[in-house]
Amino acid sequence: MSRTPLDTVEHAAATPDVELPWAELGLKKDEYERVVEILGRRPTGAELAMYSVMWSEHCSYKSSKVHLRQFGEKAPESDAMLVGIGENAGVVDVGQGYAVTFKVESHNHPSYVEPYQGAATGVGGIVRDIIAMGARPVAVVDPLRFGAADHPDTKRVLPGVVAGIGGYGNCLGLPNIGGEVVFDACYQGNPLVNAGAIGVMRHEDIHLAKASGAGNKVVLYGARTGGDGIGGASILASETFDDAKPSKRPAVQVGDPFQEKLLIECTLEAFREKLVVGIQDLGAAGLSCATSELASNGSGGMRVTLDDVPLRDSTLSPEEILMSESQERMCAVVEPEKVDRFLEICEKWDVIATVIGEVTDGDRLEIFWHGGKIVDVDPRTVAHEGPVYERPYARPEWQDALQADDANKLPRPQTSEELKDQVLKLVASPNQASKKWITSQYDHFVQGNTVLAQPEDSGMIRVDEETGLGVAIATDGNGRYAKLDPYTGAQLALAEAYRNVATTGAKPLAVSDCLNFGSPEDPAVMWQFAEAVRGLADGCLQLGTPVTGGNVSLYNQTGEAAIHPTPVVAVLGVIDDVARRTPVAFQEEGQLLYLLGDTREEFGGSAWSQVIHDHLGGLPPAVDLERERLLGEILISASRDGMIDSAHDLSDGGLIQAVVESALLGGKGARLVVPDGLDAFTFLLSESAGRAVVAVPRSEELRFNDMCGARGLPATRIGVVDGDAVAVQGEFSLSLAELREAHEATIPALLA
Amino acid sequence: MTARIGVVTFPGSLDDRDTQRAIRLAGAEPVALWHKDKDLKQVDAVVLCGGFSYGDYLRAGAIARFSPVMESLIEQAKAGLPVLGICNGFQILTEAHLLPGAMLGNDHLHFICRDQKLRVENAETSWTSDYRAGQEIHIPLKNMDGRYVADQYTLDKLEAEGRVAFRYLDFNPNGSLNDIAGITNEAGNVVGLMPHPEHAVEPLIGTGRTDGLPFFTSILKKLVNA
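As you go down the protein sequences, you meet chains A and B in turn. Numbering-wise (UniProt numbering), the first sequence opens with residue 1 and increments by one. Numbering-wise (UniProt numbering), the second sequence opens with residue 1 and increments by one.
Keep in mind that the hints are not guaranteed to be accurate.
Only pairs whose alpha carbons sit at most 25 Å apart, straight line, appear in this in silico SDA-like list of lysine to any residue [claimed, not checked]:
(1) B:Lys117 to A:Arg740
(2) B:Lys117 to A:Ile352
(3) A:Lys507 to A:Gly709
(4) B:Lys38 to A:Ile352
Because the hints were derived from the structure by calculation, they are not lab data.
Can you make the complete structure from the sequences, with help from the hints?
Next up, the structure:
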């Protein structure tokens, strides 16, 4: 029996004509040729494996990079930013010596293929990013999008995704405090499973992913490496689905939250004892990514002995070991004299830890297998100098027709009875209905610091028990708005998340994003992407909230049909004392309801146009970011000075949706009066941005009005918290019982 | 003087720090105990907290029950050491046979997290004396395997001896027999329940109620007055 010789660097140099499977690994011809040019020879099999995963769309951002630069170029001046784009997650100063790290990532494709594991490992990955910064994870959020609520495949995908998020996050002891669930036929076959996490640390505890100091040891710890998730980044996340290809289930990783919980505790203990010079989690592209990123971010090179990697499957080839995306693994750089203590801590937590290499004073990443050198590369060419594409983009020709199809001209309800029926239908529609069936599968309480959780406008976590310092996070994104106008749609997502944070009383500080789009090879999609990024970067500059990091998910399309462009924006805020937080629920009868902001006839992309007319056309609501900022300041001041007892942002579904939610959560009704100059329909259902509804105790009315008047924010008294119905004077009255039934029965009926 | 109350951390324990906080808020001194260590550090009482000890692999609580710390704990609990098992802790106590019955998967097969209404049925245990019998309280509940089951003889005995400590009210969240949320041993020193009193100890946090605090003040009073 003959054995093929090990494909070492020498072997590769001696056998230039060997054909390598670069196309099967997802590389384009010119990309492969570039690899050959960089190395001055053909790559070894192991090198090819590394380049192919690291140069994938998912890891290299090759199509999006030229646009994403705007987040840096247009970054607003901010004292809060401690670590910016490029690290595992951004870090923000929240005061009192605390820093917060947060990020949102996508796990869209795996979650469609294998909903439970896809979603579970999405949580696992984002949490490891947070740990890798030196922080203790304190909460997760999950913005989710599925196909039509009544489509049979939604019933396959959604329960699995929700159980996976719960199964993993609950087991890690992380409260799930926010997110969204949106249904739209455009996500059929391309559900969006985005996962966000927040971590807290002291300033001095920030850790970075770099390998410095020649002689320092590279320690791989956590789970053994197996054959799961091979090519996850390149094959699964960076191509469109095609029915003709074989099932991609083997490319989905399998998660073990118990192992990850041990990894968290063991890593935090090593941080506490200051044993770690640099650290990187193993996510997409596994060891290829961790070694090349650590080495290229540090001052030296790195030498790794792949034989020392603990394996779950002894038959794995070196290429497979380098590409495996087995979960729950981390890589730390540790000074030699501290290695023993580091291994001791791992042992205490029953975590396998192995020294697999060391930092060198050269500038090469060298990897050995069975004594032969199978990788010898400049790590920067793998990690940072991948291809960059200026993909062609063009405003699609259908955009004009779509925008001309004005939703404001759709037939409106003619009678009070019809208006009432439509309101009830909206409150019960899957997107507007209560998501309790879903969120009750997530633990909100663990860690004992949850101040607010969904369905509040933002999730809020106490950071310091003594001072009451807290952080808030909201995620938002409306693909319908973005489809009508990607620039405005991205700014609306930002505005809504910003508003949601301010509504709970927290000051918005920074942004993370998860940009979900179709294929970058389609110029129309690329235009949507370019416009959305431009809109978001401009918006962040204007609001003074820098983008600290994020994630791009492309190829969310099946065949020719791309999803709606869906930029999901997460805004992080800080509140000095969580005792001042403002909840959504009505607190006390007799309190006065004020509508803040201006209401215009804006129905393009609205919930009303979708639910009543199954229509998408016209223009999304106008954005006025200066108004958003002013509204935010008023909401924060009012919360701090005790002028409001509840507040709710107005977004999809308009005012009536917000009032119904506040009423149902508080178990108290409301009497509303249509203000002068507005018709009932527009008053109740328009989706004009920059608005919120607040409940003001009568004793505070004068002070509150004075503040709004002095600052120039329109504040209109629209009613009072009262009774056990939501009543609109001269129009209709709906009892809380009737509303509750409509609002809460929909999701269980579809999915339970 | 105050009481020293131990909180065991198993690999996969989640609410250990929360439980320590609740003990502190009640005025007692929390003492961290480690699963590999038989030494109970001479604590006056022990709480087995919630989580997924050893990943809940095999069966919730089944592996934890054999850990070194449990050897000492089982021995001392039989001799009268007050022990409270919350959620996973309750599961461990049944696996260790310090409490009768067993926990199965929720009847609806989903994890459930909710603000649960309970009735205090027995206010005479070491952990419930600061409640009134019949008092209705709200305590957060969050679990996957919370369905309490036991054979008919055991159920009858528990009911007859007043050893059902807590019962679910209005809504049975997991299919537990007799709506049982928590039970006590005959001596009243060992109590287990599925809901999480340590998550209901501060007015601003979680559900915003403090209905869980009496668990920790009950034991403190008992120990300090002893």
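Review point. Between Lys507 of chain A and Gly709 of chain A, is the straight-line Cα distance small enough, at 25 Å or below?
Key: Given pair Lys507 of chain A, Gly709 of chain A holds - Cα atoms ~21 Å apart, limit 25 Å.
Practice item. Starting from Lys38 of chain B, check that the Cα of Ile352 of chain A is at most 25 Å away, please. Key: holds (24 Å)
Exercise for review: Assess, step by step, whether the Cα of Lys117 of chain B is no farther than 25 Å from the Cα of Arg740 of chain A, and give holds or violated.
Suggested key: holds (20 Å)
Check your understanding: Between Lys117 of chain B and Ile352 of chain A, does the CA-CA distance stay at or below 25 Å?
Key -> Violated, at roughly 43 Å.
Hint check: a violation occurs at hint 2 only; the rest are consistent with the structure.
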